[in-house]
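So the sequence lines, in the order shown, correspond to chains A and B. Sequential numbering from 1 applies to the first sequence in our numbering. Sequential numbering from 1 applies to the second sequence in our numbering.
By construction, these hints were calculated from the structure, which means they are not laboratory data. There could be a bad hint or two in this list.
[To be verified] Derived coverage of chain A by chain B (criterion: at least 3 residues anywhere in the stretch with Cβ under 8 Å from a Cβ of chain B; other residues may be distant):
(1) 43 to 51
(2) 98 to 104
[Said to hold, decoys possible] A few chain B positions that, by computed beta-carbon distances, are all more than 10 Å from chain A:
(3) Asn7
(4) Gly28
(5) Gln37
(6) Lys44
(7) Arg100
[Said to hold, decoys possible] Computed far set for chain A versus chain B, every beta-carbon distance over 12 Å:
(8) Lys2
(9) Val4
(10) Gly16
(11) Thr24
(12) Gln31
(13) Arg59
(14) Asn65
(15) Arg66
(16) Tyr70
(17) Asp77
(18) Leu87
(19) Ala92
For clarity, every value in this text was computed on a predicted model and none was experimentally measured. C-beta: ideal position from N, C-alpha, C; glycine also.
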Amino acid sequence: RKEVEQDPGPFNVPEGATVAFNCTYSNSASQSFFWYRQDCRKEPKLLMSVYSSGNEDGRFTAQLNRASQYISLLIRDSKLSDSATYLCVVIANAGNMLTFGGGTRLMVKP
Amino acid sequence: NAGVMQNPRHLVRRRGQEARLRCSPMKGHSHVYWYRQLPEEGLKFMVYLQKENIIDESGMPKERFSAEFPKEGPSILRIQQVVRGDSAAYFCASSQDRARQPQHFGDGTRLSIL
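Please put together the full structure from these sequences, using the hints given.
Okay, here's the thing in structure tokens:
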């Protein structure tokens with residue numbers, strides 16, 4: 001089983017749609033969680049950290065469910081510019097290195 | 001530019017040559033990480049360094065690969081006697097000097113082996 005699993009997609013949605021991604025992680029000792037986005041094999045860019053209480057940043061909402069070991073990302077009112085690969089990222093308790101999911105590809109169509 | 005700086009952006013080497021990839025962390029960051037992304041695959045951790053110390057190299061191949069982060073100057077990822085399978089994008093990230101901080105990535109070095 002992979003340490004961090006994501007549905008690779010692609011998710012094809014029209015502009016203005018709401019789309020949600022889930023991610024599961026296997027290490028129950030994981031302590032920190034993030035969503036990154038990656039465009040066309042460019043560098044990953046931090047989208048948001050994920051907190052136990054859930055957090056929102058504009059059109060983006062992230063949730064963490066420790067009991068079920070999954071993380072979600074909700075994007076409201078999708079824009080063309082949201083088209084990218086969204087990476088679920090986890091840091092285990094033991095160290096600082098990031099463990100990446102395989103990414104979920106989002107395509108927003110006009 | 002206060003971001004993570006990597007150079008070169010693109011590097012072409014012939015099989016058997018050496019590749020040196022450089023990374024300067026963001027200002028104020030003392031932790032450096034190297035990741036590799038093979039074609040059509042996800043990012044994989046290679047090595048984690050602080051100044052003059054390798055903290056974790058569990059993701060780095062035991063042979064031909066080495067990394068350093070000297071007291072002065074950038075972090076260097078060195079690949080000796082490169083092979084075709086080393087062709088990949090190599091990303092460097094840095095974070096602040098506290099545990100489990102988010103990491104910020106450089107533009108990456110695309111290494112192509114002929």
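Confirm or reject: Asp77/A is not an interface residue toward chain B, with every Cβ-Cβ distance exceeding 12 Å.
Holds: least Cβ distance 25 Å, greater than 12 Å.
Please settle this one: Gly16/A was flagged as non-interface, so is its CB more than 12 Å from every CB on chain B?
Per Cβ check, Gly16/A is outside 12 Å of chain B; nearest 29 Å; holds.
Using Cβ atoms and 12 Å as the threshold, tell me whether Arg66/A really stays out of contact range of chain B.
holds (15 Å)
Checking C-beta pairs, does the stretch 43 to 51 of chain A have three or more residues closer than 8 Å to chain B?
With 5 residues close enough to chain B, the hint holds.
Would Lys2/A pass as off the interface with chain B, using Cβ distances and a cut of 12 Å?
violated (9 Å)
12 Å Cβ clearance of Val4/A from chain B
Given a closest Cβ separation of 9 Å, the condition is violated.
Does the claim that Ala92/A lies off the interface hold, with its Cβ farther than 12 Å from every Cβ of chain B?
Ala92/A not clear of chain B: closest Cβ-Cβ about 9 Å, inside 12 Å.
Are there at least three residues in the stretch 98 to 104 of chain A whose beta carbon sits under 8 Å from a beta carbon of chain B?
That given contact holds, which follows from 6 residues of the stretch 98 to 104 of chain A lying within Cβ reach (below 8 Å) of chain B.
12 Å Cβ clearance of Thr24/A from chain B:
holds (15 Å)
Could you let me know if the closest chain A CB is still more than 10 Å away from the CB of Arg100/B?
violated (4 Å)
Nearest-CB test (12 Å) between chain B and Asn65/A
With a cut-off of 12 Å, Asn65/A remains clear of chain B, as the shortest Cβ separation is near 19 Å.
Gln37/B remote from chain A - nearest C-beta pair above 10 Å:
violated (7 Å)
Checked against the numbered hints given earlier, the structure breaks hints 5, 6, 7, 8, 9, 12, 18, 19 and satisfies all the rest.
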